[in-house]
Amino acid sequence: MFSQKPMIEMIGLGKTFVSKNSHVKALENINLSIYEGEIFGIIGLSGAGKSTLVRCINYLERPTEGKVIFNGINLSKIKNSELLKIRQSMGMIFQQFNLLMQRTALENICFPLEIAGVNKKEARKRAYELLEVVGLTDKAKAYPAQLSGGQKQRIAIARALATKPKVLLCDEATSALDPATTKSILNLLREINRSLGITIIVITHEMSVIEEICNRVAIIDKSRIAEIGDVEEVFIKPKSTIAKQLVFSGAQHVESFVGEDKCRIIFDGRTSFEPVIANMVMECRAAVNILYADTKDIDGKAFGQMVIQLPKDEPSKRRILAYLEANKIPHEEVI
Amino acid sequence: MFSQAVINMIGKGILETLYMTLLSSLLAYILGLPLGILLVVTDKDGIAPFVILNRILGVIVNIFRSVPFIILLVALMSFTRAIIGTSLGPNALVVPLVIGSAPYIARLVESSLKEVDQGIIEAAQSMGASPLQIVFKVLIPEAMPSLIMGSAIAIITILGYSAMGGFVGAGGLGTIAINYGYYRNQSDIMLLTIAILVLIVQGLQEIGTRLMKLSDRRL
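Residue numbers (this note's numbering), protein chains in the order written: chain A, 1 to 335; chain B, 1 to 219.
Accuracy of the hints is not assured; some may be wrong.
To be verified - No more than 35 Å apart at the CA atoms, straight line, and that leaves these computed lysine-lysine pairs for DSBU-like:
1. Lys79(A) - Lys164(A)
2. Lys164(A) - Lys137(B)
3. Lys213(B) - Lys120(A)
Unchecked claim - Chain B stretches covered by chain A per the calculated footprint, using a threshold of three residues with CB under 8 Å from any CB of chain A:
4. 116-124
5. 127-139
Hints listed in this document are in silico derivations from the structure and should not be mistaken for laboratory results. Note that beta-carbon positions come from the ideal geometry of N, C-alpha and C, so glycine has one too.
Produce the complete structure using the sequences and hints provided.
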């Protein structure tokens, strides 16, 4: 789906904030390659350093250690004027949208083009094209104050795409939006990724956002990368404590569920028309108790997880585990 | 009620006052606006930090702001004479008015520009905007309503300062009020000048408020 050519490489990246009486290590020894055309997620709890990390990619924050290589260019080695040029090939969107309040939607989209020195007529033409991409042609003359959150983010996306960037950085871009709007913005991002081939980096604290659109994910915890991998892989078999915590999210305390012989079943996109649990119960002729369930249907596919309590008697228990194994349903016993 | 001579005098006073106020405001903004921008831009969290310059500018501004205008007026008399040729009349008062109000304007501009959301500035930086582009395409346009409101405050303050010029024979309504109301105890003329000053202030504030509302797109 995407090439193996790294678009962005972070090597031994570190950032320490120095103030009068304290040194705060926001990032430590980050090594990360992001490939051309992929949607890469960076997830972590607040304060983990993910926002600093994304700002190091376009050097809004200058790393104190290591380097960032963008498209083969070492960003720490170039002049400031060249850095400004490079930033034009990296779009960025924000949690608070950060639109210019005194400009109309159209003028906002023209803004990065003005900065890049594109003439006014051409900029307007391009801005109208982008309004079409984000589906807001009727809002060209509206000021941001007249738009809803989702519309503002669409304009912000159009603005970020104006200079035809290679990368789009999304810093908590859906965190201020309601679930339905979040979904539509994520769909738009996926569409842009597909149609324009643009590499997207998504920063979020919500696992659902990662599941929804990302190909790969890096989990940041306490300024370091705790885990990197394909989203499915991390989702099915989280290795680090923090990954487990994020994957479980709602069920952080699965370990504390009463009873023994618990088993976590993962729904990783099999068809949602298949009654997995019911079939299992009928075939194994053993009752299970559902302790926790969090599943959803995305385009007819089931995603999520369930924690069940296995029967006490060994034969039934073995039958169920064998059934899960045989039907290739990802699961793990939780002790 | 008032003789033609008094009316003519008041008329001339109004024109002189407006002339001094508006000319001084214009010149003070030519000095104060860049100074205010520099204070914001060179701040340690600004878009082009230059802490030493920022400190020096801050101290200079504070020094001028800590001298009461009436004293600055007297202290600058020989300087005024050196550049205008006289220390009397409206033109002479423009010199201390500009010097006295430019630092004040710089602070007003500074506080207006600091109201601009840091996130918007960051967005502009992420697009590769230079500090100069940020000043002219982001800071000033985004702060426009606040800058307009600030200018109404500044012009009204300068109007007040110009009346103090009455003590040193600067002309304008201030001189009339002091000469007639204070030295000759003709309180009717003084009250008239006060009434006119009140009307001018009301008018200026009204214009400022309307322009601010017109320029504000945040609804």
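Structure-based check of all given hints:
no.: 1; hint: Lys79(A) - Lys164(A); in the structure: 22 Å, holds
no.: 2; hint: Lys164(A) - Lys137(B); in the structure: 21 Å, holds
no.: 3; hint: Lys213(B) - Lys120(A); in the structure: 27 Å, holds
no.: 4; hint: 116-124; in the structure: holds (count 6)
no.: 5; hint: 127-139; in the structure: holds (count 7)
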